[in-house]
Amino acid sequence: MRYIGLDLALTTAYKAVVLDEKGQAITNVISVKATATALEQLFQCARETAPEDEPLVVVMEPNLVLSILGFIFPQRTRLSN
Numbered sequence: 039m040r041y042i043g044l045d046l047a048l049t050t051a052y053k054a055v056v057l058d059e060k061g062q063a064i065t066n067v068i069s070v071k072a073t074a075t076a077l078e079q080l081f082q083c084a085r086e087t088a089p090e091d092e093p094l095v096v097v098m099e100p101n102l103v104l105s106i107l108g109f110i111f112p113q114r115t116r117l118s119n
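Under my numbering, think of the first position of the sequence shown as 39, with each following residue one higher.
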């Protein structure tokens, strides 16, 4: 199994790394634009040396601290009073 750790960002490119089933990094940190083409290229990179039927799991994490102001950006929805 291959894993992609994808750190999402609002104003900059995403950051990603590909890991094997043991959690060992297969790639360095990759900068990825938020486009379908760039994400497809990332998936192809993750599958380059993998068997054809090997599963690919994507784990995403937003790169944003919500608790500081209690808002969800960019909608600016208030979470608490």
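Be a bit skeptical, because a hint or two may be false.
[Stated by the list, open to error] Taking CB as the label site, the calculated pair distances span:
no.	residue 1	residue 2	range
1	Gln79	Met39	17 to 27 Å
2	Glu90	Thr49	17 to 27 Å
3	Glu90	Thr50	13 to 23 Å
4	Pro89	Leu48	33 to 43 Å
5	Glu92	Leu48	10 to 20 Å
Hints were generated in silico from the structure; no laboratory data involved.
Beta carbons: idealized from backbone N, C-alpha and C, even for Gly.
Tested hints:
{"no.": "1", "hint": "Gln79 / Met39: 17 to 27 Å", "in the structure": "holds, 20 Å"}
{"no.": "2", "hint": "Glu90 / Thr49: 17 to 27 Å", "in the structure": "violated, 37 Å"}
{"no.": "3", "hint": "Glu90 / Thr50: 13 to 23 Å", "in the structure": "violated, 33 Å"}
{"no.": "4", "hint": "Pro89 / Leu48: 33 to 43 Å", "in the structure": "holds, 36 Å"}
{"no.": "5", "hint": "Glu92 / Leu48: 10 to 20 Å", "in the structure": "violated, 32 Å"}
Hints 2, 3 and 5, counting from the list given before, are not met by this structure.
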